[in-house]
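Asks: This is what each chain is made of:
There are 4 protein chains.
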Amino acid sequence: MPRPAVRLHDTAGEDTALAEPPGDSRRFWLDAFSTVRAETERRTAPLSAEDQVVQSMPDASPTKWHRAHVTWFFEQFLLRPFAPAYLPFDERFAFLFNSYYVAAGPRHARPQRGLITRPGVAETTAYRAHVDAAVARLIETTNDFEAVRPIVEIGLHHEQQHQELLLTDILHAFAQNATHPVYDAEWQWPQGRPAAAATDTPVFGIQTIGHQGNSFSFDNERPAHQVLLQPVRVARGLVTNGEWLEFMAESGYTTPSLWLSNGWDEVQAQGYCAPGYWRHVDGAWFTMTLGGLRPVDPAQPVCHVSYYEADAFARWAGKHLPSEAEWEVAARAGALDDAFGMVWQWTRSAYSPYPGYVAEPGALGEYNGKFMINQMVLRGSSLATPAGHSRETYRNFFYPSARWQFSGLRLAEFER
Amino acid sequence: MPRPAVRLHDTAGEDTALAEPPGDSRRFWLDAFSTVRAETERRTAPLSAEDQVVQSMPDASPTKWHRAHVTWFFEQFLLRPFAPAYLPFDERFAFLFNSYYVAAGPRHARPQRGLITRPGVAETTAYRAHVDAAVARLIETTNDFEAVRPIVEIGLHHEQQHQELLLTDILHAFAQNATHPVYDAEWQWPQGRPAAAATDTPVFGIQTIGHQGNSFSFDNERPAHQVLLQPVRVARGLVTNGEWLEFMAESGYTTPSLWLSNGWDEVQAQGYCAPGYWRHVDGAWFTMTLGGLRPVDPAQPVCHVSYYEADAFARWAGKHLPSEAEWEVAARAGALDDAFGMVWQWTRSAYSPYPGYVAEPGALGEYNGKFMINQMVLRGSSLATPAGHSRETYRNFFYPSARWQFSGLRLAEFER
Amino acid sequence: MPRPAVRLHDTAGEDTALAEPPGDSRRFWLDAFSTVRAETERRTAPLSAEDQVVQSMPDASPTKWHRAHVTWFFEQFLLRPFAPAYLPFDERFAFLFNSYYVAAGPRHARPQRGLITRPGVAETTAYRAHVDAAVARLIETTNDFEAVRPIVEIGLHHEQQHQELLLTDILHAFAQNATHPVYDAEWQWPQGRPAAAATDTPVFGIQTIGHQGNSFSFDNERPAHQVLLQPVRVARGLVTNGEWLEFMAESGYTTPSLWLSNGWDEVQAQGYCAPGYWRHVDGAWFTMTLGGLRPVDPAQPVCHVSYYEADAFARWAGKHLPSEAEWEVAARAGALDDAFGMVWQWTRSAYSPYPGYVAEPGALGEYNGKFMINQMVLRGSSLATPAGHSRETYRNFFYPSARWQFSGLRLAEFER
Amino acid sequence: MPRPAVRLHDTAGEDTALAEPPGDSRRFWLDAFSTVRAETERRTAPLSAEDQVVQSMPDASPTKWHRAHVTWFFEQFLLRPFAPAYLPFDERFAFLFNSYYVAAGPRHARPQRGLITRPGVAETTAYRAHVDAAVARLIETTNDFEAVRPIVEIGLHHEQQHQELLLTDILHAFAQNATHPVYDAEWQWPQGRPAAAATDTPVFGIQTIGHQGNSFSFDNERPAHQVLLQPVRVARGLVTNGEWLEFMAESGYTTPSLWLSNGWDEVQAQGYCAPGYWRHVDGAWFTMTLGGLRPVDPAQPVCHVSYYEADAFARWAGKHLPSEAEWEVAARAGALDDAFGMVWQWTRSAYSPYPGYVAEPGALGEYNGKFMINQMVLRGSSLATPAGHSRETYRNFFYPSARWQFSGLRLAEFER
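Residue numbers (this note's numbering), protein chains in the order written: chain C, 1 to 416; chain E, 1 to 416; chain A, 1 to 416; chain F, 1 to 416.
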């Protein structure tokens with residue numbers, strides 16, 4: 001069996017995997033395309049055909065669907081407009097593998113993605129190969145490379161996002177199975193990476209946040225703009241399982257005054273008494289991981305907590321979550337341990353457009369803007385984020401009740 | 001690819017596949033066990049690993065689950081009590097593959113059977129082989145064959161019931177897929193079989209219904225008892241697609257006075273305007289079958305109609321559905337075309353215990369009795385019913401809204 | 001405050017309040033109309049305007065709605081067809097107060113009946129008076145009395161049915177209020193009435209059930225027909241609270257093998273551990289009654305149990321519920337204590353058409369037939385049934401989960 | 001019938017009804033208490049007992065419940081702690097009329113407030129009088145007036161909030177009734193009030209928002225703090241019905257690209273094609289108002305739109321909604337027509353704590369903080385807001401799907 005493939009990417013801050021250096025641009029993008037596409041397959045390797053077809057909840061998607069959907073993305077936005085001779089692999093796949101692009105036509109209902117047993121794994125692999133070949137040919141031969149390049153680029157970033165979801169979603173599926181399937185028997189938490197900055201400095205005053213320069217960013221990171229911060233100290237360290245066990249021991253899950261009203265409703269309705277995937281077995285806490293069921297390690301960052309839980313923990317600690325601006329400024333200053341590569345970190349910022357935000361034109365404009373409601377921003381990246389996909393301005397977002405991502409937190413405190 | 005395997009069983013009335021002849025009883029049951037177990041695998045052969053894992057609605061089950069559950073049934077009720085040296089294949093399977101036997105311990109939630117990606121197909125096949133060997137050994141060597149025999153027998157009838165469900169459930173799954181997967185490209189409706197009796201005779205008076213004699217029956221077919229029938233004429237023929245198209249053309253689906261109140265609610269809520277699996281494509285009606293999407297054939301029996309639809313059709317026709325007693329008496333008299341092997345036939349009888357009904361003792365008592373509420377009886381058998389599993393006293397039962405079975409109807413009319 | 005008005009009607013079997021004697025037919029029906037209409041108001045008297053407007057669940061209706069709906073029934077089916085000069089009180093009321101007669105036009109959604117604050121109580125009273133006067137005038141002056149008479153008759157029986165529902169529904173509303181409102185402070189259980197027959201006789205053989213003769217019956221009681229009964233002994237006495245407490249003490253509510261599968265689901269989902277309206281207060285059982293919260297009296301019949309509970313109790317007792325035919329034959333033989341006037345008695349019979357059943361023509365045909373699915377028959381009558389509304393052939397019916405009616409049970413046992 | 005009572009309060013910006021002048025403080029608060037309490041009764045006067053008891057959806061509350069709940073608030077937070085001799089009117093009311101204060105004990109389920117028929121209107125009035133007398137006595141005689149005064153003050157602001165809800169909730173109830181009940185036959189839209197500032201000035205730069213000084217504010221308006229605004233022009237005028245009709249004419253409700261994803265789901269699920277309470281009758285648009293069903297007036301502000309609709313309209317117009325900070329700065333500059341007293345105005349700001357926010361201690365801390373998730377801020381005030389309750393720093397908040405408030409919008413545009 002092929003070795004599974006989730007190594008921690010080892011770059012804090014912006015890394016360069018997809019940043020084009022001077023020189024042969026077509027060659028660079030051919031390589032990048034090949035590398036990213038291979039990473040998807042590497043992550044799929046430990047999974048059986050059955051593993052790849054299930055959808056364990058409406059918010060998750062089957063592995064096979066991820067593999068086909070990112071392929072459809074290239075077919076829909078790159079090959080159809082720019083490669084006139086391209087023959088689609090199967091016209092019906094546009095219906096099956098469009099996610100939510102209303103402008104791109106009707107699509108299979110999201111909660112029923114797990115019912116698509118056919119095309120099977122083999123046919124999906126063939127679909128990927130068909131599109132891979134066509135994209136490579138296009139990159140090599142197109143007369144309009146300047147128009148093609150940004151679509152390739154966003155397509156690869158899009159695929160990287162799905163690489164992370166592929167892992168979060170299969171972990172959720174495995175967590176429903178009483179036999180505790182193992183994705184990678186050798187999986188371990190990544191080694192922690194201390195912050196670059198030596199001193200512990202509060203952030204404050206007029207600061208610029210958002211993406212600047214010509215390197216890739218999603219539209220939701222732009223425009224860069226100034227904000228005014230009250231003096232605040234963002235914790236260097238992530239909240240750990242050990243600290244979370246204290247919160248639990250001090251009745252954190254049964255004290256309504258610690259909770260947002262909607263959060264308390266959720267705790268009551270779902271019977272939550274510990275983070276997602278924790279199991280109490282014979283008096284000890286275990287947690288479902290990519291390595292199967294493992295004892296909870298008090299030294300590691302807490303993971304799979306919802307915004308509601310993160311917020312309640314902060315209130316219990318007498319602190320609060322940082323805003324996304326506070327987080328970004330502190331991260332840029334190198335003041336945060338494990339800003340990247342461990343767990344996504346909930347901020348107290350609702351996911352909203354930056355002042356002057358303009359969505360991409362056309363169907364790609366549905367990528368980010370239409371989700372800017374009812375969700376909270378997470379910053380950083382996680383152990384499941386592929387190399388080259390982390391940056392300080394990156395805005396991840398989920399509903400406050402979501403727990404199946406690799407989501408944790410760090411605290412903040414205003415200066416008095 | 002192995003040839004798929006759904007031939008019409010060609011016996012009207014009781015057939016003998018599982019009826020033990022005089023002679024070597026152990027040999028007979030060894031053969032029967034082997035034959036029935038093989039039929040399950042034969043029905044599975046056309047299905048990919050992905051096909052076998054999905055559950056397309058809570059009432060359906062994955063193919064793999066059917067294969068494992070019927071195996072668990074032998075493990076639970078036969079091997080554990082009677083084969084002291086038996087080592088279970090995997091102790092965790094009792095949790096995964098118990099269906100609803102409360103007395104047999106806790107079990108995986110029914111609506112989540114489609115999430116069990118592991119054990120996979122190969123392991124499930126190994127599980128079946130493990131149990132097959134142990135059962136064969138038990139039959140050959142047990143000192144208590146008289147106690148073992150009835151458990152083997154009920155286990156085989158149980159497996160045959162799941163053989164039919166395996167097909168109804170995979171057809172439902174395929175019907176959710178816009179690419180219309182084909183189970184068996186050569187599938188055809190069975191040849192119709194006219195009734196034995198020459199004349200068209202009403203049934204009436206004191207009649208005995210229910211199972212008599214020593215041959216196998218489920219507890220719900222017993223005790224045989226007398227009933228008093230008003231003179232009634234049960235139609236020789238099944239209602240056809242052609243007749244159903246007339247019902248549709250005469251506003252059957254939009255005339256509330258034809259419908260039971262709950263049925264009308266269902267029609268409105270689901271937007272029903274045709275039988276289950278019918279698709280209107282470019283002005284013509286097609287239907288999803290085991291052979292893929294096929295044009296509706298007016299000469300064939302209507303199939304995949306709910307009780308509500310069957311009842312509304314009967315009211316539109318100025319007639320009614322037969323009661324189960326009327327059906328049984330007419331079938332025994334040989335007065336019905338295609339009583340067996342085509343479609344199950346809704347009766348107007350609610351599924352209730354016969355007078356003096358006693359459930360089996362122990363966990364097997366959960367087999368039938370606890371479902372005797374809110375369901376309607378269907379009689380006969382369908383094209384998906386395995387050979388040797390049809391008989392005149394057989395009581396099938398489903399909720400009145402169910403459409404995914406091979407369910408049709410014939411009409412009846414009281415003598416005036 | 002006017003004295004509330006729920007005396008036990010004191011007639012076992014058929015009583016004659018609405019049975020027309022020889023003589024002045026118009027006079028008789030004028031009196032009957034006046035008497036029945038007054039009984040509705042008498043039952044309303046203890047209720048405030050606020051009490052009359054609430055709907056505490058979709059299956060219940062507000063008192064004011066009952067009062068207006070039965071009035072609309074006369075307006076719709078009697079005055080509009082037969083009194084050409086009649087001016088409707090308010091044309092909009094046909095929309096507000098039609099219950100489920102699809103043929104009579106669109107109507108206000110059932111679950112929102114409690115939102116109709118206007119017309120208010122005073123206007124509803126005026127509506128009743130308006131229709132009362134018009135009906136009286138019609139009875140006195142119509143040239144087509146033979147056509148009018150049966151509509152008056154069914155309208156009064158219809159109103160009597162709603163008189164009972166008025167009480168069951170307001171009791172349900174009061175039971176939601178933590179202050180335990182009292183409908184009638186002097187309310188008591190009626191005095192029990194022993195059976196007429198001296199000996200304890202099983203019923204069996206060919207028997208006729210269903211309504212015969214010219215007196216009033218609903219269409220669902222017809223046609224009378226013969227049935228064949230296995231020898232069975234129907235208990236003389238109703239099951240009491242004391243017996244139910246034993247069932248509870250012997251883990252009745254926590255033993256799944258006693259329950260129908262759907263019943264067990266209901267017990268689990270609702271957390272049932274005692275009959276409807278029972279409250280455990282400081283170690284003792286109380287129950288919400290028309291007289292407010294009262295201690296449970298072990299000698300009285302158990303009340304407010306669902307079919308599922310009744311069936312589980314019977315299984316626990318090693319017996320079963322009688323069929324409706326068994327009940328009717330035993331009641332006609334005078335072999336049952338408290339057959340009427342105490343609690344409705346669940347039977348094991350699903351509510352189905354009798355052989356040869358024909359619904360009334362026109363919109364009145366929606367009265368009974370369209371509900372003949374998914375419900376169980378109750379026989380007898382209850383303390384809330386108005387005088388003159390009980391008879392041996394009467395078929396009441398509710399869903400097996402219903403608990404808000406005055407529903408109890410008696411047991412039966414087959415002869416061996 | 002008493003004249004109904006909803007005049008437009010006629011003060012733009014902060015008015016002084018509850019702002020204490022120098023002099024006899026006890027006298028001032030006695031008067032203020034009496035005035036505010038009387039306003040609640042004035043708003044109740046047009047309503048019948050039935051009107052006062054209904055709850056037309058879980059988010060709305062019955063009039064009677066509002067009247068009793070605000071009274072309980074004084075009993076719970078003022079009389080119980082500070083008036084040792086006070087005898088509660090009825091101990092059970094604490095259960096019935098606590099809204100959501102977990103720290104104040106268990107309470108009646110919110111969605112079932114409409115089932116509390118008792119206490120009735122008369123008893124509720126007596127309850128109010130009982131508490132009124134006790135509060136007046138306390139104000140006059142307490143030795144600890146400094147502690148009492150802020151509770152009286154917040155209690156009155158709390159009651160004023162419910163005065164507005166009382167109207168929004170009864171309008172929702174009336175809108176469910178096909179007879180279109182009228183709250184006040186003489187109701188009219190208030191006269192518009194042009195902005196004070198003559199010139200049309202963008203806002204930008206470092207600005208202070210939030211409440212300053214000693215006058216009353218809710219905790220969510222504090223602390224005042226600086227923000228940095230990008231140059232933006234906030235429209236002087238509210239969006240009108242006429243403009244909304246254009247949006248509708250240009251397919252606003254059927255163009256998915258204009259909508260947030262959740263908003264589009266809502267439009268589809270609910271079938272929205274116009275603002276809340278609009279009815280299309282014989283080719284013209286009408287809307288349900290406090291004055292009953294009225295033709296839509298193109299010159300008046302659009303009302304009863306959700307955040308989703310407001311946001312879609314802004315996108316259609318090529319603009320956006322102002323942030324709450326932009327709104328507050330523009331309002332303070334006197335640059336907005338009808339900032340107050342017409343309709344609440346959706347902003348694009350999620351409802352979050354201001355930097356350094358600290359909730360009130362004790363149960364009163366549940367007032368605002370625990371709702372700071374999933375809701376959007378509205379600014380200004382509406383025609384239903386009582387006099388003295390409007391101010392520039394006031395933060396109202398509702399879920400983005402809410403339509404039953406008097407909610408409209410104005411647009412904004414960034415300077416280029």
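Honestly, I wouldn't trust all of these hints.
Since the list can't tell identical chains apart, any single copy or any two copies may satisfy a pair.
Unchecked claim - Heads up, simulated DMTMM-like pairs for lysine to aspartate or glutamate below, C-alpha to C-alpha not over 25 angstroms straight-line:
1. Lys319 <-> Glu91
2. Lys319 <-> Glu366
3. Lys319 <-> Glu360
4. Lys319 <-> Glu41
5. Lys319 <-> Asp282
6. Lys319 <-> Asp24
7. Lys319 <-> Asp219
8. Lys319 <-> Glu246
9. Lys319 <-> Glu20
Don't read these hints as lab results, they were simulated from the structure.
Asks: Can you name, in rising order, the numbers of the hints this structure does not satisfy?
Replies: 1, 4, 5, 6, 9
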